[in-house]
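Peer 1: Dock chain B against chain A, hints included.
Protein sequences, first through last, are from chains A and B.
494 is the number that the working numbering gives to position 250 of the first sequence; each next residue is one higher, with no gaps.
271 is the number that the working numbering gives to position 27 of the second sequence; each next residue is one higher, with no gaps.
Incorrect hints may appear among the rest.
For the chain B half of the interface with chain A, some residues (derived, Cβ under 8 Å), not all of them [as the list claims (entries may be wrong)]:
hint, residue
1, N347
2, W390
3, T391
4, G396
5, S401
6, Y426
7, I435
8, G450
9, R454
10, N459
11, R478
12, P538
If you're looking for bench data, these hints aren't it; they were derived computationally from the structure.
Fair warning: this is a prediction, and the values are worked out from it, not measured in the lab.
Just so it is clear, CB atoms sit at the ideal spot from N, CA and C, and this is done for glycine as well.
2 protein chains.
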Amino acid sequence: MSLFGYRPHLPRFSAWAGLLISLASSSAAIAASPLDRGSILAQARPEEWQTLAPDRLMYLQLSGGQVVIELAPQISPLHVANLETLIRQHYFDGLAVVRLQDNFVAQWDDPATDDGGDPRQARSLGAARRTLPPEFSRSIAADDRWTPLPDGDLYASQVGFLDGFPAARDPASGLEWLVHCYGMVGAGRDIAPDSGNASSLYAVIGQAPRQLDHNLAVVGRVISGVELLSSLPRGKGHMGFYERPDQRTPILSVRLGSDLPAGDVGQWQQLRTDSPSFARLLDYQRSHRSAFYPRPLGRLELCRVDLPVRHLQLSVGATPAGTPH
Amino acid sequence: MSLFGYRPHLPRFSAWAGLLISLASSSAAIAASPLDRGSILAQARPEEWQTLAPDRLMYLQLSGGQVVIELAPQISPLHVANLETLIRQHYFDGLAVVRLQDNFVAQWDDPATDDGGDPRQARSLGAARRTLPPEFSRSIAADDRWTPLPDGDLYASQVGFLDGFPAARDPASGLEWLVHCYGMVGAGRDIAPDSGNASSLYAVIGQAPRQLDHNLAVVGRVISGVELLSSLPRGKGHMGFYERPDQRTPILSVRLGSDLPAGDVGQWQQLRTDSPSFARLLDYQRSHRSAFYPRPLGRLELCRVDLPVRHLQLSVGATPAGTPH
Numbered sequence: 245m246s247l248f249g250y251r252p253h254l255p256r257f258s259a260w261a262g263l264l265i266s267l268a269s270s271s272a273a274i275a276a277s278p279l280d281r282g283s284i285l286a287q288a289r290p291e292e293w294q295t296l297a298p299d300r301l302m303y304l305q306l307s308g309g310q311v312v313i314e315l316a317p318q319i320s321p322l323h324v325a326n327l328e329t330l331i332r333q334h335y336f337d338g339l340a341v342v343r344l345q346d347n348f349v350a351q352w353d354d355p356a357t358d359d360g361g362d363p364r365q366a367r368s369l370g371a372a373r374r375t376l377p378p379e380f381s382r383s384i385a386a387d388d389r390w391t392p393l394p395d396g397d398l399y400a401s402q403v404g405f406l407d408g409f410p411a412a413r414d415p416a417s418g419l420e421w422l423v424h425c426y427g428m429v430g431a432g433r434d435i436a437p438d439s440g441n442a443s444s445l446y447a448v449i450g451q452a453p454r455q456l457d458h459n460l461a462v463v464g465r466v467i468s469g470v471e472l473l474s475s476l477p478r479g480k481g482h483m484g485f486y487e488r489p490d491q492r493t494p495i496l497s498v499r500l501g502s503d504l505p506a507g508d509v510g511q512w513q514q515l516r517t518d519s520p521s522f523a524r525l526l527d528y529q530r531s532h533r534s535a536f537y538p539r540p541l542g543r544l545e546l547c548r549v550d551l552p553v554r555h556l557q558l559s560v561g562a563t564p565a566g567t568p569h
Numbered sequence: 245m246s247l248f249g250y251r252p253h254l255p256r257f258s259a260w261a262g263l264l265i266s267l268a269s270s271s272a273a274i275a276a277s278p279l280d281r282g283s284i285l286a287q288a289r290p291e292e293w294q295t296l297a298p299d300r301l302m303y304l305q306l307s308g309g310q311v312v313i314e315l316a317p318q319i320s321p322l323h324v325a326n327l328e329t330l331i332r333q334h335y336f337d338g339l340a341v342v343r344l345q346d347n348f349v350a351q352w353d354d355p356a357t358d359d360g361g362d363p364r365q366a367r368s369l370g371a372a373r374r375t376l377p378p379e380f381s382r383s384i385a386a387d388d389r390w391t392p393l394p395d396g397d398l399y400a401s402q403v404g405f406l407d408g409f410p411a412a413r414d415p416a417s418g419l420e421w422l423v424h425c426y427g428m429v430g431a432g433r434d435i436a437p438d439s440g441n442a443s444s445l446y447a448v449i450g451q452a453p454r455q456l457d458h459n460l461a462v463v464g465r466v467i468s469g470v471e472l473l474s475s476l477p478r479g480k481g482h483m484g485f486y487e488r489p490d491q492r493t494p495i496l497s498v499r500l501g502s503d504l505p506a507g508d509v510g511q512w513q514q515l516r517t518d519s520p521s522f523a524r525l526l527d528y529q530r531s532h533r534s535a536f537y538p539r540p541l542g543r544l545e546l547c548r549v550d551l552p553v554r555h556l557q558l559s560v561g562a563t564p565a566g567t568p569h
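Just chain A, with the same shape it has in the complex (with noise of 0.2 Å):
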């Protein structure tokens, strides 16, 4: 009797399941099929990976860590313009993360600006423009760089990746959107649709809340440490915003990657959702059978999408040189 409570091993969730959010967690242990996701990406050739530019790239540094978030100014144009005109008068450094509600969303800016807050301590805007015209959505175009998701979805007729991003469309309008999947980063606002300007920004940290898609501009989405932001601890206030000033979360810089020395942010690479790794990857996350899995999932939604990102070490006088992040 000496073994009760003895469990040999217990991998719980090896598979895929465990595998969606980082290569860091990738494990082939009891994986079934002839391709695992780890095999999928080692044999990806470097041309389908993407580099990102890093003048898209937001680092937003909190005293737990660095979120990385690529913007999506192909997508956004006026609020991307916006943020990185408020990024590069440090506008952001000394702010707070002010809000935190479960299972929905992230949120930071200047206090001064929120309800309960006093307006006249506001920080000054600067050269950015304090109101946008709304870009809640975009037309359609011949040469978007689409890639469809044939799985369907519950609330758009067509879903995909628009970019890189996970996004929805709609032919009979002629309008595609970003969606509001777990890490998309979007741009508060007032009631007024033209009331946002990208100084006050939020992330998903729960189940897709779809009721945003469309009606709020989504500025990017989060590639690395959206965890920093998920594990806060949650608001007690109104909506989940902070009672007391001392509850928030510091800002201690945003900035852009094109204004960091290279050596210290490296260079941040997507798998292009265009190339064969990612068709199989999609394949792999549909039809993933195991002796821990018996039961393939399917279809994928599209925010249950894998889309990886790797971190490449830059070394001086070098070339990069892969490190799976």
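Peer 2: Same frame as chain A, but now just chain B:
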């Protein structure tokens, strides 16, 4: 120019998007519908609320507060019975949250039984069984308390609510099962389907991992305090396990509601999914339109459905008085 940065009132998502989680975050400030969420719930008749039996409630006490889980013995009877045996032996007291994988699960059990643990140190399961037949699904029965959700689903031919829990059905196979929405609690296991015994539990804290459906036994749903799990630091080890013992969150105690003083735990009620008020609430979520959300959602996915719960304080010698939680 003194108004730079000034933005009067920032409701930001004041509509129902922010109201999915708890009555506490309710606000009708900018709702345009004649009956908003708060009004629907306020007008619900007493008999539309179902009191949850104390012996079906599991109280997980962490240093940060209390997580309350509604058990589902009617759906996973063997796992819940084993879990109750473990709870009554105080098996979980002093164990820990051992794993936190972002956008996936929080898991708690005896660290000695996990990879890297020393199985000789494992706590005895006592009178509880070490293996259980898998309860990953059950047969559809004519007397099921089943409330269909007609909005459709990507994975299952039918979805709805089984005894108030989010669930799916496949009439072709005659099976039904609980769905891994945010806050659902399941029993971890090894590779063998019968290797689960409810001594290792997980709660979903991200985009519904539907690949777990029908592959694991679901034992209940967090009805209060899920944020105490979802806000824990993420584990940096394999699959989100913590790398060092001191990173784990200790479990102070786990008790059944029926083993706690009624005056301490009060009474929990859930809005019946077969009630007119619940139907009104579903329709509100689908069709809600406001100044902030000019574009209604149209359809409602199972794992975004609002399942209102309220807490009643019990005064000695008095009838329960409703205090929305």
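Peer 1: For each hint, tell me whether it holds in the structure or not.
Peer 2: Here is what the structure says about each hint:
no.: 1; hint: N347; in the structure: holds, 5 Å
no.: 2; hint: W390; in the structure: violated, 20 Å
no.: 3; hint: T391; in the structure: violated, 18 Å
no.: 4; hint: G396; in the structure: holds, 6 Å
no.: 5; hint: S401; in the structure: violated, 11 Å
no.: 6; hint: Y426; in the structure: holds, 5 Å
no.: 7; hint: I435; in the structure: holds, 5 Å
no.: 8; hint: G450; in the structure: holds, 6 Å
no.: 9; hint: R454; in the structure: holds, 6 Å
no.: 10; hint: N459; in the structure: holds, 5 Å
no.: 11; hint: R478; in the structure: holds, 4 Å
no.: 12; hint: P538; in the structure: holds, 7 Å
Hint compliance for this structure: hints 2, 3 and 5 are broken, all remaining hints hold.
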